[in-house]
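2 protein chains.
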Amino acid sequence: MQFSPAIASLIRALKILPGVGQKSAQRMAFQLLERQRDGATGLAEALAHAVAVVGRCDTCRTLTEGTRCHICSDDSRAASGLLCIVESPADVIAVEQTSQFNGQYFVLLGHLSPLDGIGPREIGLDLLEARFGAGEINEVILATNPTVEGDATAHYIGDLARKHGVNASRIAHGVPVGGELEYVDHTTLSHAFNGRKSF
Amino acid sequence: MQFSPAIASLIRALKILPGVGQKSAQRMAFQLLERQRDGATGLAEALAHAVAVVGRCDTCRTLTEGTRCHICSDDSRAASGLLCIVESPADVIAVEQTSQFNGQYFVLLGHLSPLDGIGPREIGLDLLEARFGAGEINEVILATNPTVEGDATAHYIGDLARKHGVNASRIAHGVPVGGELEYVDHTTLSHAFNGRKSF
Chain A
1 MQFSPAIASL
11 IRALKILPGV
21 GQKSAQRMAF
31 QLLERQRDGA
41 TGLAEALAHA
51 VAVVGRCDTC
61 RTLTEGTRCH
71 ICSDDSRAAS
81 GLLCIVESPA
91 DVIAVEQTSQ
101 FNGQYFVLLG
111 HLSPLDGIGP
121 REIGLDLLEA
131 RFGAGEINEV
141 ILATNPTVEG
151 DATAHYIGDL
161 ARKHGVNASR
171 IAHGVPVGGE
181 LEYVDHTTLS
191 HAFNGRKSF
Chain B
1 MQFSPAIASL
11 IRALKILPGV
21 GQKSAQRMAF
31 QLLERQRDGA
41 TGLAEALAHA
51 VAVVGRCDTC
61 RTLTEGTRCH
71 ICSDDSRAAS
81 GLLCIVESPA
91 DVIAVEQTSQ
101 FNGQYFVLLG
111 HLSPLDGIGP
121 REIGLDLLEA
131 RFGAGEINEV
141 ILATNPTVEG
151 DATAHYIGDL
161 ARKHGVNASR
171 IAHGVPVGGE
181 LEYVDHTTLS
191 HAFNGRKSF
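In order, the protein sequence lines correspond to chains A and B.
Quick note on UniProt numbering: the first sequence kicks off at 1 and runs consecutively.
Quick note on UniProt numbering: the second sequence kicks off at 1 and runs consecutively.
There could be a bad hint or two in this list.
[To be verified] Below, a sample of chain A positions facing chain B; criterion: calculated Cβ distance under 8 Å:
1) 5
2) 34
3) 46
4) 53
5) 63
6) 65
7) 67
8) 88
9) 148
10) 150
11) 152
12) 175
[Unchecked claim] Pairwise CB distance ranges (calculated):
13) B:100 to A:178: 43 to 53 Å
14) B:22 to A:73: 53 to 63 Å
15) B:94 to A:75: 56 to 66 Å
Bear in mind the hints are in silico, worked out from the structure with no lab data behind them.
Note that beta-carbon positions come from the ideal geometry of N, C-alpha and C, so glycine has one too.
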């Protein structure tokens, strides 16, 4: 089937969205053009606007408008002396949703992966080291993903922190709340045993 | 969590896509802004362009650029005298992908639903009747969805066709190819028995 050129290029463009293949893109394109033209125009404008104005925070490297995000601009958070290291801006959102953490963030935008040419400089560790050096941080919480690369990155940053006299801690890995022991994989379960707390 | 205004409005705009909720919209927004800025710009342009140029075909009411779609412009298809009635432009694509049908289409953009105020005029049956009256159509194939409303719409159009001396047929309903009898619902199975063919 031959789509008309504008529809074909819309379907092609929609396929860059994560989790969207040919069928979903077709469905989206038809729904937008049939029933949601205002929404489609709004989406086009929101996309163009976001691409134009959203950049990186100079301090923590998360996505934001302007040069400094609202978390880094918050003095009470700076005063806490806590710095949470995450891999991506989406992880900042995830931690913020817990409402438990009232410190600042540093976003690596990836993890160490020497085989792919991603070294300390590529994930902004020079910037992080400068912040350690400035002496405003008391504790760094390593919240990189519990993968091989995430663990390696956490180790590397832990060493860096100790070198500057900053305490480093790693978030706990164990059985997820609401999960059933039976269905938890054995690596997670052995982490849960090793990380047990007196009760 | 407070997103920066441009990211928040992008997430809100992405949620109009079918099957996209808050979480997926967040994931899409971050992926576009972190790694696919060119793709995002391309998507914004493709959307704005499609909304601007895509309209309805004057003859069959499918989505197309210009006033006449490429199927209606094809003389060999017009010569076949076959007209397939479908509910939506996506159904045209589905039928075209079979490569079995070489006639023209008429897209209802819905189905009869008197309770919602959708009568014959709203689904373009005045336009369809004019085509029956023009005498260029020999057979009309009713390919509306096999739902209560789709069946009722098919009956209505079948009566209309007979009034103008045009043959009407309904696509077959039965066991899907590759399906297992055990898992087919009983309405479909009784359709399959009633519609049996000598073998």
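Practice task
Using Cβ atoms only, decide whether residue 63 of chain A comes closer than 8 Å to chain B, and label the hint accordingly.
Solution key: holds, 5 Å
Problem - When the least beta-carbon distance from residue 152 of chain A to chain B is tested against 8 Å, hint result - result: At about 21 Å, which exceeds the 8 Å cut-off, the nearest Cβ of chain B leaves the hint on residue 152 of chain A violated.
Exercise for the section: Would you check whether residue 65 of chain A satisfies its interface hint, that is, whether its CB is within less than 8 Å of any CB in chain B? Expected result: holds, 5 Å
Problem - Agreement of hint residue 88 of chain A with chain B interface, Cβ distance less than 8 Å - result: holds, 7 Å
Exercise for the section: Tell me if residue 67 of chain A is really an interface residue toward chain B, meaning its C-beta lies closer than 8 Å to one of theirs. Expected result: violated, 12 Å
Practice task
Kindly confirm whether 56 to 66 Å is satisfied by the beta carbon distance between residue 94 of chain B and residue 75 of chain A.
Solution key: Taking Cβ atoms as reference, residue 94 of chain B and residue 75 of chain A lie about 59 Å apart, which means the hint holds.
Exercise for the section: So, residue 5 of chain A near chain B? Judge it on the closest CB pair being under 8 Å. Expected result: Interface hint status for residue 5 of chain A: holds (7 Å vs cutoff 8 Å).
Problem - Status of the residue 148 of chain A interface restraint (C-beta, 8 Å, chain B) - result: violated, 21 Å
Handout entry: Supplied contact hint for residue 53 of chain A, tested at 8 Å Cβ to chain B
Key = holds, 5 Å
Practice task
Go through the hint on residue 150 of chain A and say holds or violated, using the shortest Cβ distance to chain B against 8 Å.
Solution key: Status violated, d = 17 Å.
Problem - Status of the given 43 to 53 Å range, CB of residue 178 of chain A versus CB of residue 100 of chain B - result: holds, 51 Å
Practice task
Could you check if residue 46 of chain A really has its C-beta closer than 8 Å to a C-beta on chain B?
Solution key: holds, 4 Å
Checked against the numbered hints given earlier, this structure breaks hints 7, 9, 10, 11, 12 and 14; the rest are met.
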